[in-house]
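S.K.: Residue-level listing of the chains:
Protein chains: 2
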Amino acid sequence: MKRLIILLAGLVLLTAYLPADEGMFAMNELDRLDAAKLKSMGLEITMGDVTDRVARAVLDLGGGSGSFVSPDGLIVTNHHVAYRAIQYNSTGENNYIVEGFYAPTRDKELPAPGYTAGVLLGWEDVTQQVIGSLTAVMTDEERFQTMENAQKRLQKEVEAKEPNVYTEIAAMYQGKYYLLFRYLRLRDIRLVYAPPDAVGEFGGDIDNFEWPRHTGDFSFMRAYVGPDGRPADYAPENVPYHPEHYLNVSRRSLAENDFTMVIGYPGSTDRYLTSGQIRVLLERELPLKIRLFRDIVALLEDIGRADPEKAVRVASLAKGLNNAIKKYEGDFQGLTRDDVITRFSRRDVTVQEWISGQPARQHDAGLIADLNRINDQLAAKLELRTILGYLLRFVNTLDAGRTISRWAQEKTKPDLERDPAYMDRNIPELKNDLQTMQRNLLSEKDLKLMVFSLQKLRALPAAQRSAVVQKWFGDMTHEEMVVRLDAMISGTGLLDADTRLKYFDLPAGELAEVDDPLLAFAGELGVELKQLRDEADTLNAALQRLQPRFIDLLHAYSRNELYPDANSTMRLTYGKVTGYAKDGVTFTPFTTLDGAIAKERGTRPFANPPRLIQLYRAGEFGDYAEPNLGHRVPLNFLSDVDTTGGNSGSPTLNGKGELIGLLFDGNFESISSDYFYNPALTRSIVVDARYMLYILDKFSHATALLEEMTIVR
Amino acid sequence: MKRLIILLAGLVLLTAYLPADEGMFAMNELDRLDAAKLKSMGLEITMGDVTDRVARAVLDLGGGSGSFVSPDGLIVTNHHVAYRAIQYNSTGENNYIVEGFYAPTRDKELPAPGYTAGVLLGWEDVTQQVIGSLTAVMTDEERFQTMENAQKRLQKEVEAKEPNVYTEIAAMYQGKYYLLFRYLRLRDIRLVYAPPDAVGEFGGDIDNFEWPRHTGDFSFMRAYVGPDGRPADYAPENVPYHPEHYLNVSRRSLAENDFTMVIGYPGSTDRYLTSGQIRVLLERELPLKIRLFRDIVALLEDIGRADPEKAVRVASLAKGLNNAIKKYEGDFQGLTRDDVITRFSRRDVTVQEWISGQPARQHDAGLIADLNRINDQLAAKLELRTILGYLLRFVNTLDAGRTISRWAQEKTKPDLERDPAYMDRNIPELKNDLQTMQRNLLSEKDLKLMVFSLQKLRALPAAQRSAVVQKWFGDMTHEEMVVRLDAMISGTGLLDADTRLKYFDLPAGELAEVDDPLLAFAGELGVELKQLRDEADTLNAALQRLQPRFIDLLHAYSRNELYPDANSTMRLTYGKVTGYAKDGVTFTPFTTLDGAIAKERGTRPFANPPRLIQLYRAGEFGDYAEPNLGHRVPLNFLSDVDTTGGNSGSPTLNGKGELIGLLFDGNFESISSDYFYNPALTRSIVVDARYMLYILDKFSHATALLEEMTIVR
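Quick note, the sequences are listed as chains R and B, same order. The opening position of the first sequence corresponds to residue 151 in our numbering, with each subsequent residue numbered one higher. The opening position of the second sequence corresponds to residue 151 in our numbering, with each subsequent residue numbered one higher.
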């Protein structure tokens with residue numbers, strides 16, 4: 151979780167038991183919320199208002215969230231969500247990353263290729279269509295295939311009827327029921343405003359997941375449609391989209407314990423795990439990944455140290471891995487801190503005892519044991535599957551070779567029978583990836599990563615030996631293997647973008663004729679990994695069959711109202727503005743511009759823009775200085791709302807449904823809330839709307855934007 | 151400043167202007183303190199009690215402080231002050247560092263060679279003796295020599311009369327007046343108790359200078375004397391020393407804002423600097439040292455990475471440098487944070503204006519300008535002097551060669567005319583150093599450090615070129631220099647301890663005959679550095695002549711009561727138990743055992759002893775759990791007392807003069823208080839006496855110690 155954007159998706163594991171005030175509530179289940187409690191906490195509008203008006207201004211930006219804040223399609227989201235668009239438009243001359251960007255008129259707004267905004271149109275229960283054809287005699291593999299095919303068919307049907315609509319099918323409670331969500335996908339998104347990264351990324355990776363925080367993590371974009379008002383690709387003649395609903399922006403005062411509510415697209419949580427599952431996660435999966443990633447980062451830094459040009463090419467992977475290490479460390483430390491293994495073990499024992507006293511629950515007597523057993527089977531090849539997966543992902547040439555080989559096979563099948571990633575609608579993206587990977591390509595990096603990974607793979611116990619690695623290098627010494635890999639990488643066409651695209655277009659027969667050992671090796675590894683993942687999918691299908699029952703069991707046992715794990719569908723979470731405490735320290739819920747100035751060190755990531763320092767020194771706070779914050783300008787605040795990766799850019803709302811800020815991160819202690827929510831420590835970090843307005847007003851003089859929005863006091 | 155022990159002494163610079171409640175007050179000036187104010191803060195005993203009784207239990211442990219806590223010479227001090235003694239007695243079999251140590255009976259107490267305890271007997275004003283022979287026509291160099299000689303003579307006189315007494319002469323207010331301090335030096339010190347380092351060093355370097363803190367940084371030693379009751383070297387038949395005064399240990403409750411008082415031996419501060427002086431410090435000296443040390447640490451880590459055996463030999467230097475980097479970073483960040491250049495510049499301008507309105511102050515009209523000018527002269531060769539100094543200090547063979555060559559010259563002079571470091575009384579220590587340096591000796595390290603430093607020296611501008619380096623390597627390329635240095639280090643006898651000691655004993659003439667180029671090079675560098683330092687001493691003598699006048703000027707201008715800079719003489723500072731706040735966070739003043747358990751990670755430095763975890767889990771808190779701390783066991787606390795390196799182990803006292811804890815560190819924000827005290831952020835960190843008692847009682851069952859001390863409730 152990099153400031154709550156979805157970056158690295160791990161192995162999807164499963165399911166936990168529910169304490170007090172947590173919850174990412176599904177939009178179709180909001181009627182279960184306690185209206186009286188919400189009202190007493192400070193919600194002033196009805197839940198109907200929330201769903202019919204407020205939530206309809208919220209956008210799925212693909213990995214992040216956003217919201218409309220004007221009738222002309224103005225979107226506000228995080229700086230780090232809009233970052234690729236800022237980067238895309240930056241040149242040596244106009245470095246919008248460093249300088250910031252502001253389009254005072256519409257014609258100055260810049261294209262943001264690759265961005266789409268999903269406006270949720272509605273949802274329907276499609277459980278019968280998804281599971282209707284399942285039979286009791288099916289194997290887990292057959293069940294999985296049957297359900298996958300049913301879903302693909304359904305989506306294709308709906309999308310064929312409504313050309314501008316995109317669908318997603320989501321398993322709620324891991325498959326207790328299925329919903330099909332329909333979105334209007336707006337495809338011409340433009341960049342309107344970004345602060346300098348000295349504001350938008352202030353604190354950088356050092357402050358990532360940390361509080362106190364002083365990051366102005368916001369940007370503005372705008373959705374455009376064709377002159378006919380329908381979604382269209384970028385074209386100069388396109389016109390702003392007019393959403394039915396948009397949010398007002400609040401400049402009202404905000405205080406500790408004030409009601410807050412967040413609507414957005416959280417990516418994934420696994421809160422209903424058994425103790426056996428959490429044990430595999432904590433004792434094997436997390437340590438494995440942390441160790442691997444640390445070693446790989448050391449290897450990449452070693453490459454970069456020698457040569458600044460190489461340093462650039464390894465930087466992005468190293469940064470991503472460092473972020474993942476912090477995420478996994480947060481998981482590890484948090485789960486250890488909360489002693490979740492003991493906690494879940496006790497719960498599982500108690501649930502098991504409870505079952506034995508419930509005649510009507512005897513069908514669940516073996517459920518926990520079954521889940522643990524299947525999970526153990528899944529874990530049997532965890533190391534092999536993980537290392538092989540990273541090998542094919544981080545070594546760009548192998549990644550390309552695997553995709554090319556796989557596509558040669560898949561292209562012979564009808565669209566509907568393919569692996570979803572290779573369906574026609576996804577081919578342009580695959581080709582684009584093969585093209586753009588050139589930016590980070592470095593044969594030395596690929597060679598060293600291969601040597602490292604193959605060494606790890608060769609050292610695994612016999613039960614987890616890779617047959618392909620055995621076949622290619624089984625009889626070689628380490629030194630011989632290195633020589634061979636060196637020759638393979640030196641001779642491969644995969645280092646060249648044109649060759650990759652040429653390979654991609656070849657039919658299977660011709661591709662097989664190509665004399666490129668690295669391509670062949672990549673293809674074989676791809677097949678092996680696919681087999682491993684298919685085996686895992688089968689086991690996951692078995693888990694999926696049992697998980698809804700386990701959640702149901704927890705529900706029956708605990709009598710708590712549960713909520714479905716996050717699955718990239720729209721969710722609402724509520725809470726209050728509040729800090730947290732640890733031994734010897736109390737984290738108070740507001741930061742101010744004073745704190746950003748106090749962190750000033752003259753060098754990144756703690757260098758404020760000089761003009762902001764001047765404004766501060768001159769006391770030019772306008773009327774943004776808040777009496778209840780010692781007459782300081784508010785910057786970030788904490789809330790105990792329940793969020794995760796994907797919530798980046800989510801509107802944070804007050805009791806009137808007005809925008810009071812944008813969610814952009816969680817504290818380090820919150821990371822493990824993906825598995826277990828600790829109400830005392832889990833906090834989300836929000837950039838205050840009043841800081842956004844202050845920067846727009848006093849720093850950027852972005853008058854047009856201030857006038858376009860409805861700002862309420 | 152490593153947890154307030156004196157480790158690295160920098161260039162001694164000078165003098166600042168005084169805000170509110172700060173102050174390390176000299177014992178001879180305590181009558182100036184505001185008794186009514188102290189009483190209202192919570193001091194219940196008289197200042198006479200403090201000086202005549204409490205302060206006389208306080209000990210100078212050489213770089214750290216301690217205090218007597220029993221009539222049988224039991225001393226309490228920090229674990230990190232006693233560390234060398236714990237290390238000295240540890241073996242593979244009995245690893246007291248890891249296991250901790252407890253001598254239940256006196257015969258089990260272990261020798262602590264190298265340790266002495268200084269009991270302050272009294273002081274007298276010797277200003278006339280020191281400056282009496284100065285004349286108006288003397289050059290600064292003559293002044294400096296005259297004063298140095300007078301001091302050496304005085305000390306020798308007094309020490310000759312009282313054989314067990316050791317003296318120190320201290321310039322108060324940089325020489326406004328001089329005091330001669332007389333100490334009884336106890337030379338047989340033994341180790342009595344140390345907790346496992348998992349308690350005594352919990353948090354290690356990561357938590358160094360940090361709050362919240364959870365370090366049980368305490369140990370017990372005992373002072374022994376000969377059977378005749380006089381100070382003696384270690385001998386089995388020695389008997390415990392019976393001090394006239396010792397401290398009672400408090401188990402009373404302690405709360406925020408309670409009065410605290412610390413008596414100890416702070417090493418050095420420079421609070422009366424001009425703006426010109428602080429500018430050179432902040433803009434040149436600190437960045438230079440931070441950069442150099444970072445590069446050297448990288449170089450050492452590089453050596454260590456390849457070979458664990460080498461890693462051990464570079465570890466101690468790297469650790470010291472990392473600690474110094476944190477200290478210099480703290481200075482740099484703190485002085486930047488408090489904008490001290492601007493602050494002092496404004497003050498100097500105002501003072502200058504004030505002078506012009508004071509006819510009686512016209513003799514000071516040029517004072518600030520003079521100080522800045524001399525300081526600039528001192529800074530002219532700052533880089534050369536600094537790099538050369540580190541070269542001769544960090545390269546063990548050069549360090550040894552320099553000492554040997556210098557001693558060959560000094561030994562020809564009468565004792566009193568020598569550089570104080572080479573007076574007879576210091577020769578055993580010099581020889582010991584030549585012996586023990588073998589532990590960290592590594593020719594690869596010396597070679598690489600020489601190459602690095604000489605490269606830096608050769609790159610300095612012409613005005614700072616080293617003549618010796620020019621002579622030896624001036625006409626060589628970098629590669630040729632490396633080859634030559636390699637040959638010099640390969641051929642030197644300085645790598646061998648016996649050879650070093652043999653060289654040390656040779657008369658100058660014979661030493662000159664030895665064919666050892668590295669020895670010759672070291673000798674010449676030593677002479678060059680000595681010249682540079684003599685030049686600096688002359689300038690420092692000029693500064694010293696002006697500084698007392700500057701302090702006097704500040705006093706007259708501000709009408710604040712000032713106090714002398716710390717100079718390793720006994721000081722008293724008072725304040726209260728109190729936290730501090732920054733934007734978004736409040737640091738509360740107490741930590742508890744709960745916090746140490748929450749930091750548990752199973753690996754150093756965050757691994758609690760398993761038995762302590764058991765005690766915690768079993769709730770075995772005896773009656774140490776404090777109602778006002780949520781029934782938790784207190785561990786560390788914060789106070790705004792004004793301390794610095796050398797205060798390590800200082801007794802922290804309540805209003806009754808009872809021991810409530812041991813000072814062992816400051817927060818990161820306090821580091822720059824050596825130059826400027828910021829009352830909002832400067833905090834000292836204390837290990838709570840109640841935690842010491844809890845560990846002695848419940849963890850170590852050290853009943854004899856608990857019975858020996860007078861514990862009051």
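Warning: the hint list may mix true and false statements.
It does not matter which identical chain is meant; a pair holds if it fits inside one copy or across any two.
Computed cross-link-like contacts, DMTMM-like style, restricted to lysine to aspartate or glutamate with a CA-CA straight-line distance of at most 20 Å [claimed, not checked]:
id: 1; residue 1: K732; residue 2: E776
id: 2; residue 1: K302; residue 2: D655
id: 3; residue 1: K732; residue 2: D744
id: 4; residue 1: K469; residue 2: D773
id: 5; residue 1: K326; residue 2: E298
id: 6; residue 1: K476; residue 2: E750
id: 7; residue 1: K606; residue 2: D181
id: 8; residue 1: K187; residue 2: D684
id: 9; residue 1: K561; residue 2: E685
id: 10; residue 1: K732; residue 2: E750
id: 11; residue 1: K806; residue 2: D202
id: 12; residue 1: K581; residue 2: E249
id: 13; residue 1: K469; residue 2: D489
id: 14; residue 1: K621; residue 2: D744
id: 15; residue 1: K726; residue 2: D452
id: 16; residue 1: K306; residue 2: E274
id: 17; residue 1: K732; residue 2: D687
id: 18; residue 1: K621; residue 2: D565
id: 19; residue 1: K598; residue 2: D648
Calculated from the structure, these hints are not laboratory results. Keep in mind that this is a model prediction, so the values were computed, not measured.
S.K.: For every hint, state whether the structure bears it out.
M.R.: Hints, verified against the model:
no.: 1; hint: K732 x E776; in the structure: between (27 Å within a copy, 17 Å between copies)
no.: 2; hint: K302 x D655; in the structure: neither (25 Å within a copy, 91 Å between copies)
no.: 3; hint: K732 x D744; in the structure: between (24 Å within a copy, 10 Å between copies)
no.: 4; hint: K469 x D773; in the structure: neither (39 Å within a copy, 50 Å between copies)
no.: 5; hint: K326 x E298; in the structure: within (16 Å within a copy, 89 Å between copies)
no.: 6; hint: K476 x E750; in the structure: between (24 Å within a copy, 18 Å between copies)
no.: 7; hint: K606 x D181; in the structure: neither (51 Å within a copy, 72 Å between copies)
no.: 8; hint: K187 x D684; in the structure: neither (46 Å within a copy, 78 Å between copies)
no.: 9; hint: K561 x E685; in the structure: neither (23 Å within a copy, 83 Å between copies)
no.: 10; hint: K732 x E750; in the structure: between (26 Å within a copy, 14 Å between copies)
no.: 11; hint: K806 x D202; in the structure: within (14 Å within a copy, 68 Å between copies)
no.: 12; hint: K581 x E249; in the structure: neither (33 Å within a copy, 62 Å between copies)
no.: 13; hint: K469 x D489; in the structure: neither (30 Å within a copy, 33 Å between copies)
no.: 14; hint: K621 x D744; in the structure: neither (63 Å within a copy, 55 Å between copies)
no.: 15; hint: K726 x D452; in the structure: neither (46 Å within a copy, 50 Å between copies)
no.: 16; hint: K306 x E274; in the structure: within (15 Å within a copy, 97 Å between copies)
no.: 17; hint: K732 x D687; in the structure: neither (41 Å within a copy, 50 Å between copies)
no.: 18; hint: K621 x D565; in the structure: neither (33 Å within a copy, 80 Å between copies)
no.: 19; hint: K598 x D648; in the structure: neither (24 Å within a copy, 47 Å between copies)
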